[in-house]
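K.L.:
The lines below spell out each chain.
2 protein chains.
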Amino acid sequence: MSATPAAARSPRRARRAAPLAGGRFAGRLAVVERHRDDALRSHASAAPRLDQAVRYSALSPGKRLRPLLVLTTCEAVGGDWRVALPAAAAVECVHAFSLVHDDLPAMDDDDYRRGRLTTHRRFGEALGILAGDALLALAFHELTCLAERGVAPARVLEAVRVLAWASGAEALVAGQALDIAAEGRRVTRDAVTAIHERKTGALIGASMALGALAGGAPAARVETFGAAGMKLGLAFQIHDDLLNAGSTLARLGKRAGTDAARGKATYPRAVGSERARADAAALIAGVRGVVGTRSARTRPLLALIDAVALRDH
Amino acid sequence: MSATPAAARSPRRARRAAPLAGGRFAGRLAVVERHRDDALRSHASAAPRLDQAVRYSALSPGKRLRPLLVLTTCEAVGGDWRVALPAAAAVECVHAFSLVHDDLPAMDDDDYRRGRLTTHRRFGEALGILAGDALLALAFHELTCLAERGVAPARVLEAVRVLAWASGAEALVAGQALDIAAEGRRVTRDAVTAIHERKTGALIGASMALGALAGGAPAARVETFGAAGMKLGLAFQIHDDLLNAGSTLARLGKRAGTDAARGKATYPRAVGSERARADAAALIAGVRGVVGTRSARTRPLLALIDAVALRDH
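From first to last, the protein sequence lines stand for chains A and B. The opening residue of the first sequence carries number 8 in our numbering; numbering runs sequentially from there. The opening residue of the second sequence carries number 8 in our numbering; numbering runs sequentially from there.
Isolated chain A, as found in the complex:
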């Protein structure tokens, strides 16, 4: 265990994440959170402390960008967003798993996330590891529930394939390994892009691909949305890097300026802040182009993409 800095010992008020797009998704978010809570209850662990650690990790405050992307992409391709709820829950399980493991002492060694103690700081390191493991397994169980909502089994299997790829050694887990290996080194734009695409882009890409799959899109469209989501994820992470460099603890709910202190590979460090902002804007424009013209179907997804481009937290 790491030494406990004074800041980590003083209680600090837990922050709810400020809602994306000014709260326009509040109704759907409530449905998502209820669905996730139900899923966790129906898979409650026989080990009570583990169950608490899983719930603490999964239900911690967050913007829920990934589940909202699943739902709005499903809608954008002409589907009913309620059908996609199990996929929305699944991607958030993977996201929560990755945060819990990334925070561990052997990794980023973080004491706080969103103003609350990280899972391993609250429940101990063993339960931190196990809660992450449990959330990753649960993601795949949740995903199979798409079939109960009328999604064809072959399509659900493709969703399992997409999520397994995005969570594994080729994508998310590789991103974390590359990120740790790059600490303290000078990195090029290509190297930091490779990290961000895997660590952040792959799961955001999977979120859009899963939404498209649940909404009945043809294979080529699923792939296009997956690739667009990867770009959106890269833009999201560039914004994150810019915020970490320029923000305060009060705004982020976690220590700001930590990337620089650790010598983390960040996009602005590789190319400068101005260029980072320009690249993020160009990526967002590309993603908007893939979604297409504004209509009743695409408006929620476009609003979400804009929220990523404009967020300040």
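The hints are simulated quantities; they were obtained by calculation from the structure and are not laboratory data. Glycine included, every Cβ here is placed at the ideal spot set by N, Cα and C. Some clues are possibly wrong.
Pairwise CB distance ranges (calculated) [said to hold, decoys possible]: (1) B:R156 x A:G299: 32 to 40 Å; (2) B:P55 x A:G34: 43 to 51 Å; (3) B:R193 x A:R129: 27 to 35 Å; (4) A:G299 x B:P26: 52 to 60 Å; (5) A:A198 x B:R48: 17 to 25 Å.
Simulated coverage check for chain A against chain B, where a stretch passes if three residues somewhere in it have a Cβ under 8 Å from a Cβ of chain B [said to hold, decoys possible]: (6) 47-59; (7) 134-145; (8) 166-172.
Knowing the structure of chain A, use the given hints to seat chain B on it.
P.N.:
Just chain B now, with coordinates in the frame of chain A:
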């Protein structure tokens, strides 16, 4: 990180696991290992050290009981065992994931497994955690490949459900959490059975259920085999406890007597060695009864069950 005992610093010859059933499965095992190696290659990580850690963990010496159970159960219900290869690879991925995470300093803190350094001792703790994560995600990707071998998508989805359940907060991960929580306490037979069923029984049960699913068995038969596998897993773990208490490092490839030293919840500690042996024998007899009469189809599975009952390593 734990302190490094002298024993951990001295090189020690890696042991291959002695084959189950006197080597009668050597041919199939070679096919399983080739299939697993191919799967790992086609999902090689972009992070080279992570890729090495994943391969080191997945291809470490072992009896491969679980993949062999998948194949022989598939055969016992009338299927072609080659069809079940992706499921065999998937259960071994989950098994490897659980060993790597269980060995971590925050868990059982083991330096050696089968005479080789554990993954985190060889690659560092961060890559130990990430290699386990990658193997769990890979398991689900592998499982979807059943569909490419002609297993109906709805049946493959059921396999995903079974494996996610067996790997998660209700089963394997719960077993590890309960096991850690029980250390140093007096445990009853019921409590240690609850641990062993989850930590060992669930994945061995899933192996038989997946084999039955791949082999085309009806739902009721899949369930029966899954339940029998859970019993087989309990018997296997009781044997493991007996071996740990009475064996030597040279035979086990890991330190013997460690359960007692740590105050681990073991079955013999709860009921005594005689009773433990009798209970294991009764469980094995029950499992044999479920498989049914000896025939060309069931002979390999029955031989494997007998090997579990008679193993001395």
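K.L.:
All hints are to be evaluated individually against the structure, with a verdict given for each.
P.N.:
Verification of the hints:
Distance hint for R156 (chain B) and G299 (chain A): a CB-CB separation of about 38 Å, consistent with the stated range 32 to 40 Å. With their beta carbons about 46 Å apart, P55 (chain B) and G34 (chain A) fall inside the hinted range of 43 to 51 Å. Checking the proposed 27 to 35 Å range against R193 (chain B) and R129 (chain A) shows it holds: the Cβ atoms sit about 28 Å from each other. Taken as a hint, the range 52 to 60 Å holds for the pair G299 (chain A) and P26 (chain B), whose Cβ atoms sit roughly 59 Å apart.
The hinted window of 17 to 25 Å between A198 (chain A) and R48 (chain B) holds, with their beta carbons roughly 24 Å apart. With 8 residues carrying a beta carbon less than 8 Å from a beta carbon of chain B, the segment 47-59 of chain A meets the three-residue requirement, and the given coverage holds. Residue count for the segment 134-145 of chain A with a Cβ under 8 Å from a Cβ of chain B: 10. That meets the three needed, and the coverage hint holds. Coverage of the segment 166-172 of chain A by chain B holds. Counting CB-CB distances below 8 Å, 5 residues qualify, and the rule asks for three or more.
Violated hints are absent here; each numbered hint is respected by the structure.
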